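Q: This is what each chain is made of:
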Amino acid sequence: MEFDNEMNIIMDSNSRNEAFARVSVMSFVSQLDPTMADITDIKTSVSEAVTNAIIHGYNNEKGKVYLKCGYKDNNVYIEIKDDGVGINNIKEAMEPLYTSKPEMERSGMGFTVMQTFMDSLEVISEEGNGTIVKMIKKISRS
Amino acid sequence: MLVQSFLEDRNLVIKIEGDIDHHTSEEIREKIDRDYFREKAKNIVFELSSVSFMDSSGIGMLIGRYKNIEKQGGQVAICNVSENIERIFNMSGLQKIIKCYTTLDEALKEI
Ligand SMILES: Nc1ncnc2c1ncn2[C@@H]1O[C@H](COP(=O)(O)OP(=O)(O)OP(=O)(O)O)[C@@H](O)[C@H]1O
Ligand SMILES: [Mg+2]
Numbered sequence: 002m003e004f005d006n007e008m009n010i011i012m013d014s015n016s017r018n019e020a021f022a023r024v025s026v027m028s029f030v031s032q033l034d035p036t037m038a039d040i041t042d043i044k045t046s047v048s049e050a051v052t053n054a055i056i057h058g059y060n061n062e063k064g065k066v067y068l069k070c071g072y073k074d075n076n077v078y079i080e081i082k083d084d085g086v087g088i089n090n091i092k093e094a095m096e097p098l099y100t101s102k103p104e105m106e107r108s109g110m111g112f113t114v115m116q117t118f119m120d121s122l123e124v125i126s127e128e129g130n131g132t133i134v135k136m137i138k139k140i141s142r143s
Numbered sequence: 148m149l150v151q152s153f154l155e156d157r158n159l160v161i162k163i164e165g166d167i168d169h170h171t172s173e174e175i176r177e178k179i180d181r182d183y184f185r186e187k188a189k190n191i192v193f194e195l196s197s198v199s200f201m202d203s204s205g206i207g208m209l210i211g212r213y214k215n216i217e218k219q220g221g222q223v224a225i226c227n228v229s230e231n232i233e234r235i236f237n238m239s240g241l242q243k244i245i246k247c248y249t250t251l252d253e254a255l256k257e258i
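Protein chains in written order, with the working numbering: chain A, 2 to 143; chain B, 148 to 258.
Just so you know, the hints here were simulated from the structure itself, not pulled from any lab data. Nothing here was measured: the structure is a model prediction, and the numbers come from that model. A hint or two may mislead.
Some chain A residues flagged as far from chain B (calculated, every beta-carbon gap over 12 Å) [what the hints assert, rightly or not]:
(1) Asn9
(2) Tyr67
(3) Val86
(4) Glu93
(5) Leu122
(6) Glu127
(7) Glu128
(8) Asn130
(9) Lys135
(10) Ile137
When the alpha-carbon atoms are kept at most 25 Å apart in a straight line, the in silico BS3-like pairs for lysine-lysine are as follows [stated by the list, open to error]:
(11) Lys178/B <-> Lys102/A
(12) Lys187/B <-> Lys102/A
(13) Lys218/B <-> Lys102/A
(14) Lys243/B <-> Lys102/A
Quick look at which bits of chain A chain B covers, simulated, 3 or more residues with Cβ under 8 Å [claimed, not checked]:
(15) 12-22
(16) 25-35
(17) 42-49
(18) 95-108
The beta carbon of each residue, even a glycine, is placed where N, CA and C say it ideally should be.
Let the hints inform the model, and build the full structure from the sequences given.
A: The structure is reproduced here in structure tokens:
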């Protein structure tokens, strides 16, 4: 897809980069003058996907997280990718309250947050072959 | 991120400033659990007016404290939920299990 503007970041799967990722996306998307509500929705969804890559994809071990963000007109496209363990049953993983790590105080709400806060969510994954999360948000200008 | 705590009767008031995510929630969790036992507190009241961001890691952290404190026979309450986290807060269903108050005074009186 031909974006009006696009950026790419490759970062380590370090939990410090959760804040880095959402602040980067926020400042990039700010070029469109979105409302505070839209900014918060996008920031939260980015945080969920990057956190999942770090704690589930890479099990808190070393790896790279790929973040792509582009916009065209008023649509923001975000892609977060890892080369981690992948997801065996995507449908089950996306169900509200499902978590494979209850002992780590996970609530199983990450995908539900992304689904609720963004206009579209697509998860592409295969066991052993990493995960790609694609999200689209149509923003209203403030 | 900054966590401050103080004791009011046997209520441990936890004031969190800044972002609550996976990275910061571990530190928040450790401090709360440490202070709760050190201060021999019974209940916990979260004061959330200065939280700038929260994601599902924050929900997990709050539910985790709720479960632990319930086992000790105490209660958890939340007050002053900032505008920044209202949306995730409402969708999380947290208010169904944890009491929410508009002010700290009200929370301390009611708990
Ligand atoms: N990038 C990923 N790689 C591998 N597994 C994943 C990935 N993202 C999600 N999952 C799987 O999907 C499940 C659900 O993810 P979701 O974000 O909804 O909940 P959670 O991360 O377990 O809890 P929470 O997000 O509330 O802290 C996870 O428990 C995990 O098993
Ligand atoms: Mg998650």
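Q: Would you mind marking each hint as holding or not holding in the structure?
A: Hint check:
1. With a minimum CB-CB distance of about 22 Å to chain B, Asn9/A clears the 12 Å threshold, and the non-interface call stands.
2. At roughly 18 Å from the closest C-beta of chain B, the C-beta of Tyr67/A stays outside 12 Å, upholding its exclusion from the interface.
3. Residue-level check passed: Val86/A sits 17 Å from the nearest beta carbon of chain B, beyond 12 Å.
4. Every Cβ of chain B is farther than 12 Å from the Cβ of Glu93/A; the closest lies at roughly 17 Å, confirming the non-interface assignment.
5. Every CB of chain B is more than 12 Å from the CB of Leu122/A (nearest about 14 Å), matching its label as outside the interface.
6. Glu127/A, annotated as away from the interface, keeps every beta carbon of chain B farther than 12 Å; the closest lies near 24 Å.
7. Non-interface status of Glu128/A relative to chain B is upheld: no Cβ of that chain comes within 12 Å, the nearest being about 23 Å off.
8. Residue placement check: Asn130/A keeps its beta carbon more than 12 Å from all beta carbons of chain B (closest about 24 Å).
9. No Cβ of chain B approaches the Cβ of Lys135/A within 12 Å, the least distance being about 19 Å, so the stated non-interface status holds.
10. The beta carbon of Ile137/A is kept farther than 12 Å from every beta carbon of chain B, the shortest such distance being approximately 18 Å.
11. A threshold of 25 Å between alpha carbons decides the hint, and for Lys178/B with Lys102/A the separation of about 22 Å falls inside it, so the pair holds.
12. This hinted pair does not check out: Lys187/B and Lys102/A have alpha carbons roughly 30 Å apart, beyond 25 Å.
13. For the proposed pair Lys218/B and Lys102/A, the alpha carbon gap of about 21 Å is at most 25 Å, so the pair holds.
14. Restraint check for Lys243/B and Lys102/A: satisfied, since their Cα atoms lie roughly 23 Å apart, inside the 25 Å limit.
15. Look at the segment 12-22 of chain A against chain B: 4 of its residues bring a Cβ nearer than 8 Å to a Cβ of that chain, three or more, so the hint holds.
16. Residues of the segment 25-35 of chain A with a Cβ under 8 Å from some Cβ of chain B number 0, which does not satisfy the need for three, so the listed coverage is violated.
17. Restraint check on the segment 42-49 of chain A versus chain B: 5 residues with Cβ-Cβ distances below 8 Å, three needed, restraint holds.
18. Interface restraint, the segment 95-108 of chain A with chain B: holds (4 residues with C-beta to C-beta distance below 8 Å; minimum three).
In summary, the structure is inconsistent with hints 12 and 16 from the numbered list given earlier, while agreeing with the others.
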